[in-house]
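S.K.: Here the protein sequences come in this chain order: D and E. Its first residue numbered 1, the first sequence is counted upward by one per residue in the UniProt record's numbering. Its first residue numbered 1, the second sequence is counted upward by one per residue in the UniProt record's numbering.
Simulated from the structure, these hints should not be mistaken for laboratory data. Mixed in with the good hints, there may be bad ones.
As the list claims (entries may be wrong) - To give an idea of the interface, some chain E residues facing chain D are shown, with a C-beta separation under 8 angstroms as derived from the structure:
no.	residue
1	449
2	462
3	463
4	465
5	466
6	468
7	469
8	484
Stated by the list, open to error - Only some residues are given here: those of chain D computed to face chain E with a beta carbon under 10 angstroms:
no.	residue
9	56
10	57
11	58
12	82
13	103
14	108
15	140
16	141
17	145
18	149
19	151
20	153
21	171
Unchecked claim - Pair by pair, the computed Cβ-Cβ distance ranges are:
no.	chain 1	residue 1	chain 2	residue 2	range
22	D	147	E	499	51 to 61 angstroms
23	E	488	D	172	43 to 53 angstroms
24	D	73	E	523	43 to 53 angstroms
25	D	188	E	419	45 to 55 angstroms
26	D	175	E	404	27 to 37 angstroms
27	E	437	D	115	22 to 32 angstroms
Where a beta carbon is used, it is the ideal one built from N, C-alpha and C, also for glycine.
Given next are the chains, with one letter for each unit.
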Amino acid sequence: MVADDAALFRAGIARLLADAGFDVTAEVGDADALLAAVERDPPDAVVVDIRMPPTHTAEGLEAARVLAARHPEVGVLVLSAHVEPHYAMRLLESGATGTGYLLKERVTDPGELTDAVRRVAAGGVVIDPGVVSQLVGRRRVRNPLDALSEREREVLAVMAEGRSNQAICERLFLSPKTVEAYVHNVFTKLDLHQAADANRRVLAVLAYLRA
Amino acid sequence: MQRLRPRTRTAVASAGAAAGVAAAGALVWGGYRVPADLLAPTLVLDLAVGWSFIGVGLVAWTRRPDSRTGVLMVVLGFAWFARFAVAVDTRTGFVVGVLLGSVHLSVLVHLLATFPAGRVQDRAERVLVTVGYLLSAPLDAVFLFALGAQRQLGDGPPPNGLVIAPSNGEFDPAGIDLAVQGVVVVLFLSLLGVVFRRWRSAGPAQRRSLTPGAVGAALIVVTILVERTAILLLIPPAVGVALAWSAQVVLVVWPLALLLGLLRSQLDRSAVSRLIVELGAGLPVPERLERALADTLHDPSLELAYWLPERGAFVDPAGAPVRVEPVRGRALTYLERDGERIAVIVHDPVLAGEPELVAAVAAGAGLAVENERLHAEVRSQLREVQASRARIVEAADGARRRVERDLHDGAQQRLVTVALALRLAHTQLDTADSGELGALLDEAGAELAGALDELRELARGIYPVLLTDAGLGPALHSLAERCPVPAVVGTVPDRRWADAVEQTCYFVVSEALANAAKHAGAGQVVVDVREDGDGLRVQVSDDGAGGADPGGSGLRGLADRVATLGGELSVRSPRGSGTRVIATVPCA
Chain D
1 MVADDAALFR
11 AGIARLLADA
21 GFDVTAEVGD
31 ADALLAAVER
41 DPPDAVVVDI
51 RMPPTHTAEG
61 LEAARVLAAR
71 HPEVGVLVLS
81 AHVEPHYAMR
91 LLESGATGTG
101 YLLKERVTDP
111 GELTDAVRRV
121 AAGGVVIDPG
131 VVSQLVGRRR
141 VRNPLDALSE
151 REREVLAVMA
161 EGRSNQAICE
171 RLFLSPKTVE
181 AYVHNVFTKL
191 DLHQAADANR
201 RVLAVLAYLR
211 A
Chain E
1 MQRLRPRTRT
11 AVASAGAAAG
21 VAAAGALVWG
31 GYRVPADLLA
41 PTLVLDLAVG
51 WSFIGVGLVA
61 WTRRPDSRTG
71 VLMVVLGFAW
81 FARFAVAVDT
91 RTGFVVGVLL
101 GSVHLSVLVH
111 LLATFPAGRV
121 QDRAERVLVT
131 VGYLLSAPLD
141 AVFLFALGAQ
151 RQLGDGPPPN
161 GLVIAPSNGE
171 FDPAGIDLAV
181 QGVVVVLFLS
191 LLGVVFRRWR
201 SAGPAQRRSL
211 TPGAVGAALI
221 VVTILVERTA
231 ILLLIPPAVG
241 VALAWSAQVV
251 LVVWPLALLL
261 GLLRSQLDRS
271 AVSRLIVELG
281 AGLPVPERLE
291 RALADTLHDP
301 SLELAYWLPE
311 RGAFVDPAGA
321 PVRVEPVRGR
331 ALTYLERDGE
341 RIAVIVHDPV
351 LAGEPELVAA
361 VAAGAGLAVE
371 NERLHAEVRS
381 QLREVQASRA
391 RIVEAADGAR
401 RRVERDLHDG
411 AQQRLVTVAL
421 ALRLAHTQLD
431 TADSGELGAL
441 LDEAGAELAG
451 ALDELRELAR
461 GIYPVLLTDA
471 GLGPALHSLA
481 ERCPVPAVVG
491 TVPDRRWADA
501 VEQTCYFVVS
511 EALANAAKHA
521 GAGQVVVDVR
531 EDGDGLRVQV
541 SDDGAGGADP
551 GGSGLRGLAD
561 RVATLGGELS
571 VRSPRGSGTR
581 VIATVPCA
């Protein structure tokens, strides 16, 4: 299900997803229509533009919050033009399990879009690498990230994007045991507590990076 | 000089009358034979001169206690009569008469040199007055005691007709007399010079009070000079005597001229009442009060400047800032109301000698001055608003130009490249292999990604969407995250303010962070936002090089922005010790 007020863009997304083998059940132009469509026929995942009528600010986030409450099983991928960690965290804080924040321009790589939709549909978390790199790359006076090795920083960044340990293994070509050790190191060095689920783990990492 | 008490006045007046009578008595019954044809005119003229000085002097003393001229005139009158001691044919009379014989001339020099204040005010005056006094009693004492001068009758009635003859033949009286008279001539010439210089450098108000006395003084001095040079030039003694008589005639009238000069400003007390009436009528035109004061104080050069406490500066009636500082030839009188300074009058220095008049004018015009001050304040604010409006328009135009340039050189250029690459790919569809086509399309994709990045940053710079959507705290944190210099944002109160307030605070922080990164070479920036009474206080401090120019376009623009909300921007940036930008914005 795709929600975006720009018809051409919406059709483009729907087409990309259809080409990748997804069944696009509805295309709508605003948040209310999206909520109504989900009520009628809950999909596995929705792709929603953050900025829609009537105020053109953060309707997509609001819709995601409502969906997280009413239909926690529906994955929500918010597309945004803003590299703003604030929005990404707001989305995570709304409590949805399958949720993601992706920059619009990622749709130029169909693989990234379809991967993200699959992950949120499966209850995972997706945070755009641009948002993460801004947080990781932030200038700090006493940078606690300096205590991490380069590999550990890579693991931290990929973790912040919402990847599971299994995905980190695949991404960085590491064995599950090594990844587990790295993750453990990162959490210990940064004095973070291992969280129960993916959502909370990402949230903890992002909150740490923002502090 | 203290105010003259009526009892003192009566005592001095009685003493003056007695001194005149005693002088007349000395002349008539002193023991000398005075020719009958000279007795009457001598009596009449000498009594007239002495009493004129004492009487008019007392009036001047009473009416203008701030000037010593009145006292000097009284002293001169007594000195005038004291000369007649010499007419008493005893050794005591002779000694007293010789010692006091020319004191009146010394007092005259003192009076002329210091008129109208009656106080010595500079070096030239001090030299004149001192030499004047040395030439009278001290010199006569030398004659009397060191050279043993004795009395000898000359022509005419005493005291004029007295020649001091040597007791022995060791010195030539004519030679010494010649030398003394020469010094006297130089002294009086210098005196004329001083009086003329003062008159010439005086403003109109001062001239009003100087002229009558100066004209009389010039007459007297010229007469005395001719009289003295008559001895030097060996003019027949008869002519000299005639001149001495005419000098006395002038002397009778001169005190009145002095008094007139002294009282001219006093007469203007009535002008103060006219001023008040005039101020009550008519429309408040910026310079009207200034002109009314100038007319009242007879000083066309008078300027009025109003004090604006908030700006800590003086402005002219039109609201333009003016520098007020002591300048040679101008005097400053500060006007106060309820202990607070409200204005300053820049005026002719002579008015400084008439504090009562200025005080009367200030009291009379006080309310009008306060009223005008408020007008001047409004005009000044209006000027400032007009200036800042012009700067805001200019800044907006500048910002538009920058956006145009960024679009033109950045995203637009990239999009043209993409269009070209796509066109090229299209024409090569049939001929090129898929590898070449793929490279072209990749290039187009990379250009597009670059264009997107640039557009995103540009859009963010134009307006931060997070600010409207999420408020000041998240927007400032986002700013700090992007800042090339480590930036820490303290706790921002979690509430929303008016859009204008939030935007202004946001741009203050944004500009200050950009300055810290670009110019200050700072190692760390701390942003602090807190609610301060009814307002919001935003402070950005860095540890950089300092020396930021608050008049530079960036900070000036911020100050304008803050000022439009009625807030205030302060920039402290001592060289070498960081920069601190503080904006306080009312948001009640």
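S.K.: Hints first: check each against the structure and report whether it holds.
M.R.: The hints, checked one at a time:
The interface hint given for residue 449 of chain E holds, since its Cβ lies 6 angstroms from the closest Cβ of chain D, which is under the 8 angstroms cut-off. Restraint check, residue 462 of chain E versus chain D: the minimum CB separation of about 13 angstroms is more than 8 angstroms; hint violated. Because the closest C-beta pair between residue 463 of chain E and chain D is about 12 angstroms apart, greater than 8 angstroms, the hint is violated. Of the supplied interface hints, the one on residue 465 of chain E holds, with its beta-carbon coming within about 6 angstroms of a beta-carbon of chain D, less than 8 angstroms.
Hint status for residue 466 of chain E: holds, given a least beta-carbon distance of 6 angstroms to chain D, under 8 angstroms. Interface hint status for residue 468 of chain E: upheld, as the beta-carbon distance to the closest one in chain D is roughly 6 angstroms, under 8 angstroms. Taking 8 angstroms as the C-beta contact cut-off toward chain D, the hint placing residue 469 of chain E at the interface holds, the least distance being around 4 angstroms. Hint status for residue 484 of chain E relative to chain D: holds, with the closest Cβ pair at about 6 angstroms, below 8 angstroms.
Look at residue 56 of chain D: its Cβ gets to within about 9 angstroms of chain E, closer than 10 angstroms, so that hint holds up. Using the Cβ-Cβ criterion of 10 angstroms, the hint placing residue 57 of chain D at the interface with chain E is satisfied: the shortest such distance is roughly 4 angstroms. Taking 10 angstroms as the C-beta cut-off, the interface hint given for residue 58 of chain D holds, the closest approach to chain E being about 5 angstroms. Hint on residue 82 of chain D holds. Least Cβ distance to chain E is approximately 6 angstroms, under the 10 angstroms limit.
For residue 103 of chain D, the interface hint holds, the least distance from its beta-carbon to any beta-carbon of chain E being 9 angstroms, beneath 10 angstroms. Satisfaction of the interface hint for residue 108 of chain D is found here, the shortest Cβ-Cβ separation to chain E being roughly 6 angstroms, below the 10 angstroms cut-off. At about 5 angstroms, the closest approach between the beta carbon of residue 140 of chain D and any beta carbon in chain E falls short of 10 angstroms, and the interface hint on this residue holds. The beta carbon of residue 141 of chain D is positioned within 10 angstroms of a beta carbon in chain E (closest approach about 4 angstroms), and the interface hint is therefore held.
For residue 145 of chain D, the suggested interface contact is broken, since its CB lies about 13 angstroms from the closest CB of chain E, more than 10 angstroms. Checking residue 149 of chain D against chain E by beta carbon gives a least distance of about 22 angstroms; that is not within 10 angstroms, so the hint is violated. Against a cut-off of 10 angstroms between C-beta atoms, the interface hint on residue 151 of chain D is violated, since the closest Cβ of chain E lies about 24 angstroms away. A least Cβ separation of about 17 angstroms between residue 153 of chain D and chain E goes past the 10 angstroms threshold, and the interface hint is therefore violated.
The restraint placing residue 171 of chain D at the interface with chain E is violated, with a minimum CB-CB distance near 21 angstroms, outside the 10 angstroms limit. Here the CB-CB span from residue 147 of chain D to residue 499 of chain E is close to 42 angstroms, at odds with the stated 51 to 61 angstroms. Checked against the hint of 43 to 53 angstroms, the pair residue 488 of chain E and residue 172 of chain D fails, with Cβ atoms roughly 32 angstroms apart. In this structure the supplied range 43 to 53 angstroms holds for residue 73 of chain D paired with residue 523 of chain E, their Cβ-Cβ distance being about 50 angstroms.
Separated by about 53 angstroms at the C-beta atoms, residue 188 of chain D and residue 419 of chain E satisfy the suggested range of 45 to 55 angstroms. At roughly 55 angstroms, the beta carbons of residue 175 of chain D and residue 404 of chain E sit outside the given window of 27 to 37 angstroms. Taking 22 to 32 angstroms as the suggested C-beta distance range, the pair residue 437 of chain E and residue 115 of chain D conforms, at roughly 25 angstroms.
Comparing the model with each earlier hint shows violations of hints 2, 3, 17, 18, 19, 20, 21, 22, 23, 26; every other hint is respected.
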